[in-house]
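We have chain A already, so just place chains B and C on it with the hints.
Protein chains in written order, with numbering that gives the first Met the number 0: chain A, 0 to 201; chain B, 0 to 683; chain C, 0 to 564.
A couple of the hints might just be wrong.
[As the list claims (entries may be wrong)] Computed, partial: chain C to chain A, Cβ under 8 Å:
#, residue
1, S96
2, T327
3, T362
[Claimed, not checked] Facing chain A, a subset of chain C residues (Cβ under 10 Å, in silico):
#, residue
4, G6
5, W7
6, L82
7, F148
8, A218
9, A220
10, T445
Note that these hints are calculated values from the structure, not bench results.
Each residue gets a CB set at the ideal place from its N, CA and C atoms; glycine is no exception.
Here is how the chains run, residue by residue.
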Amino acid sequence: MSALRSGRQLVAAVRALLVATVVLGLAYPLVMTGVAQVIAPARADGSLVSVDGSVVGSSLIGQTFTDEDGAPLPEYFQSRPSASDYDGAASGGSNLGPNSEELVAAVGERRADVAAFNGVPESEVPADAVTASGSGLDPDISPEYAAVQVRRVAEACGVPVDDVQALVDEHTDRRDLGFIGAPHVRVLELNLALDERFGDEG
Amino acid sequence: MTTALDRRPVSAAPTEPRPSASIEWGPAMAGAVRKLDPRGLVRQPVVFVVWVGSVFSTVLAITDPSVFGWLIAGWLWLTVLSANAAEAVAEGRGKAQADTLRKARQTTVAYLLDGSEVPAADLRPGMRVVVVAGQVIPGDGEVVEGIASVDESAITGESAPVIRESGGDRSAVTGGTTVLSDRIVVEITSKPGETFVDRMIALVEGASRQRTPNEIALNILLSSLTIVFLVVVITLQPLAIYSGAEQSLTTLIALVVCLIPTTIGALLSAIGIAGMDRLVQRNVLAMSGRAVEAAGDVNTLLLDKTGTITLGNRQASEFVAVGDYSDDEVADAAQLASLADETPEGRSIVVLAKERYGLRGRDDLPGAEFVPFTAQTRMSGVDLPDGRQLRKGAAGAVLAWVRSLGGSVPPEVGDVVDGISAAGGTPLLLASASADGARVLGVIHLKDVVKAGMAERFAELRRMGIRTVMITGDNERTARAIAAEAGIDDVLAEATPEDKLALIQREQSGGRLVAMTGDGTNDAPALAQADVGVAMNTGTTAAKEAGNMVDLDSDPTKLIEIVEIGKQLLITRGSLTTFSIANDLAKYFAILPAMFAGVFPGLDALNVMRLSSPESAILSAVVFNALIIVALVPLALRGVKYRPASASAMLRRNLAVYGVGGVVLPFVGIKLIDLLVSLIPGIA
Amino acid sequence: MSAAAAGWLQAGLLVLALALVHRPLGDWMARAFTTDPAEGPKSRFWPQGHWRVERLVYRAVGVDADAEQRWPTYLRSVLAFSLVSVLFLYGLQRLQSLLPLDNGMAGVEPGSAWNTAVSFVTNTNWQGYSGESTMGHLVQMAGLAVQNFVSAAVGIAVAVALVRGFARSGTDRLGNFWVDVTRAITRVLLPLATVAAVVLVLGGVVQNLSSGTEATTLAGATQFLPGGPVASQEAIKELGTNGGGFYNANSAHPFEGPSAWVSLFQVFLLLVIPFSLPRTFGRMVGDRRQGLAIVGVMAGLATASLALTNWAQARAGGAALQLAGAATEGQEVRFGGPLSALFGTATTLTSTGAVNSMHDSYTPTGGLLVMANMMLGEVAPGGVGSGLYGMLVLAVVAVFVAGLMVGRTPEYLGKKLGRREMTLASLYVLVTPVLVLTGTAVAVTTDTGLGSLLNSGSHGLSEVLYAFTSASNNNGSAFAGLSANTPFYNTALGLAMAFGRFLPMVLVVALAGRLAAQGRAPVTAGTLPTHQPLFVGLLGAVVLVVVGLTYFPALALGPLAEALA
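Looking at chain A on its own, in the form it has when it is part of the complex:
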């Protein structure tokens, strides 16, 4: 009797799951995809950025600005360190603990590198410049990190610091609504703007 009743519940369960799969697993996401493609196709497709018709990245996804050997290109603002090296197929953070020796070493090394690369004292290197993001794809840097890099970029591009600073300001977002999140500089768009403005000179 009990087994029979359980059996009946199992049959109902199978049928219910099939209904749910069709409605929630196929109809819902497909309809939402359709809606998204109508109301905001660019955003729904990943806010891709194209230059001369070819996709150079997404304004939402950070990327590296280094040469083939991994050395940072001085004419570009550099992104934050990344645990996944900005591999879009392997997002994630370092997950190193706050006392991890590995992380202590990495932070120390990065501080020295960033300071040397930009010609600033180590004490001026901000935290986001020496720590990896959670996604490994952080498209932004803090205004402080941008400020550290301005002089170096200007020199590399051979343009006045003020012009670069103006571009940085242009690509700096305040907090949403003035209090949500944190101020940040959109690195890819900033570097694209640099290319566009000073590309020929550099």
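Frame of chain A, contents of chains B and C only:
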């Protein structure tokens, strides 16, 4: 019904609890040692875990001796002994009462109707025995023949003899009581070993103590907490090994014992026994602990008017003259008519005349002939030497008497009588007859007098959320008037036993718990239906069998005290549970840094008590844990102080005392013990 | 504006939004789940009949929607549905490569497939795998996202059953599981998810069926930009307090959390149903103050936790973070510290487990706090449904002790708490700590358990403790340094998730049955009031002491040792 109520003895003052003996630790410790048998301890899971811990730590102390190991083992045993002693002390208190009762059971011989002797132990229900003056009644039974005065002091502690007679509501006799006069034939109603006295002995000794529903539920919660903390400590060792801070088994045992709710676990049993004992001290025997708990839950109290709310008898409160007579004349006549009237009503008329009208008592009235009350005349009075006849009595009877003598009745009499009735009083008509004819002089207003202090108690009950219902044979109007004066919530007027039963069922169907008292056989169904049915000891066997408590003092007012004792029992359990759980915080702060600060020096920040060494910290927590049990035994036995108040007020108070106190006290206590313990060599 | 001030304004906006929404949503859910004409306020809106689309569902499922179930049947339905779900999801993953829309992904390994199936069915969404490299779109949509809906609906159904236990008296019927699950989806989850998905798309969350795009970066490298139906899945991931990310980085991934306001909106989504259900409870038991008291306890604990986490995260703790100057490791620049702490607090208090920053790299105290949040038993406000029933069971325990203290057999909402009720409640309290602590103990005593640790010492212990805490409490977030995709962790955590979900559910449904069968005791001045601040404080204390204290020793060796180092 009303007549049955009216016969009930009235106790003027609330029962004083019998003085409770101070705690006798000596015999208690002996009992505590006997209780170390693990088979008995299994019933108390918390204590049992401590017992197992004690055994283990002792073995460890033997195999790997150290001052610390032996001290921990010793104090763990003391913890178990404290728990056992608490129970033993509580049980010991019932022993004295039981011994008195046992003496009452000494009767060995019974005499059958044919004069033959049989051992009392061989009596079976249905057998009839003869008991004459000076003999002890051999078993519980009903008087089927004769009337006798019986000394029941062996059971009730009350020395005044009571009348027992065949038929009616006073036919029950209890084995072990002594017949003082006359001869009665008793039909035995109980089997040997199951008499009332036997049951009482078992109850007061706690031998037949069944755990009550709440106690079981609490025990389940405590067991669950015990299991959680066992798991916490068992799984802690692997974590500690991973961290390079492996702990000795002794330390882990100490941690378990400190974390599991030992305080309440140790005292739970004692609290239950002591709760029953508090009832016994007030001369109430609960047939089950369940009934005591139910008493705390009662929502509705059914109280008989007479004897509980009002004094047993009505009292004269005013004289109302009719026609041309003055009040003074009426008072004078009323006094004369009542001089020989020994009923409480009659006495109250004399008292009123003296106090209000300054009429001195006239001790002898030469030539006067007193006319007593009879059921036929329904009047009493006096025939004076001058030929005047004075009569007082129920309105109808007196009016008939006056008319029969050709007297006239002033029309206002009816109004006065109705007015008094409407106010809840009883009008007594006063009339005189002489050669001039018969006439009505006036009306005596007899009034139910609400006992002093009752209004306040009912107000208290209302604050506690308990509804009071007055049961009375009076008519609705009278009943309402008295209820209003006493502050009773509701009345059941002109109540029949069926009405009572129906009322109880109605209340219960709304989820309410009902308590009532009763003594008559016709109360039995209602007593059985009520959640708390208190039978008067003077009542019938049927009533006593139906109820789940017996009040040896036969004082219906005691119902209120019974409710309070029930509440106090639950409050004591809840408060000590809270206290016990709250204690864990301080113990963590004592033991955890002691265990792990060696490996993680930062954890020494948790050592907020700045205890002197890891060993002394752990030992101090264990010692505190044992001592707090001993320290709380008196509280467990006495019960947490109970003041009638609303639930919120009570919770606020008990949380402040036992919750906040439970968090703070161990910090202080453990620190103090640490100061002492750290003096022991090998610990500091 | 300082970061701290901005942080409090964010929290304030969130509280405001929740305060505004919880009433209409709570009332709406109360209407949706009032199926018995004898219950609820008498108006033309109560109770609600079946919608036409729902009737279609009932016909397809083959149940009589008007036949109510006894508690054992209700429970059998819960378990049968969940069992079938696990089997289906397991099969779907294993066979992924043979099915369309696999995006070239191979069939999932058996251990991982079992773990993931249990994980999503139990509303845990612990992820031992990396989404973008393991799951094709079909599994994401038809497998994982479906469970995001139905596991949340099952949680709501069980909570509703318990609420009915309190609301009803003298009946052996708890309602119909299939109706409750269907209505939870058609009337609550699906409409809200649809709206939320649109908002997310507008905020920049991707929603496409592309396998991804190859980009050539400015520096000339190639970068893979993944695609997928993310917004539709993320909406229900937050709403249903599931938390399983489409991508490995979860809501920290720019395609899942493109901007700060979107992240704050997600926090709102994951809190909104748990914080509205107490209102539903209050309405269904006919005393809104009771719901207010429950929400008061939840909000109080949540606020305290948030304040502490904000404080802890604002000061860089730990050698590495001190060297860096701030707790930015594992954190996105666009979110900043306060929003990360807010998300971390909300996700661990709700059994969601989605993250917008990596908890493993929090400051020691911050990591301690997010772990402690879960250890409270996911009741402040807890998961969808599970938070409410968890808190109600703890309320039963609190009422029991407090009720004794006022001198009566304890009763909650007129239901007496006797032996059976306390047995069920006590076992409930027992389940999770036993799972967490035994799991952790076993893991740290075996080589295979220890082999997965990324960090050593106290922090390594914290990773294991966090994993079992998260799994047993059905949270799903991780100290992700632990390599959990191993046979040992896939099995052990899978068991922890299954027992941590279904043992409590069995106890809760049984308790609901006991309560519904009882009559109702009248409320008098002698009844313990359960709607006053005093009781709110007491219940909060019970959550902290009875549940929280259990973990004190384990915490002392893990995050506490690290924090106090």
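Here is what the structure says about each hint:
1. S96: Interface hint status for S96 of chain C: violated (18 Å vs cutoff 8 Å).
2. T327: holds, 4 Å
3. T362: Holds. Min distance 5 Å.
4. G6: Holds. Min distance 8 Å.
5. W7: Holds: closest Cβ of chain A sits about 9 Å from W7 of chain C, inside 10 Å.
6. L82: Check passed: Cβ of L82 of chain C comes within 7 Å of chain A, closer than 10 Å.
7. F148: Because about 5 Å separates F148 of chain C from the closest Cβ in chain A, which is inside the 10 Å limit, the hint holds.
8. A218: Check passed: Cβ of A218 of chain C comes within 5 Å of chain A, closer than 10 Å.
9. A220: At 7 Å from the nearest chain A Cβ, A220 of chain C passes the 10 Å test, so the hint holds.
10. T445: Interface hint status for T445 of chain C: violated (22 Å vs cutoff 10 Å).
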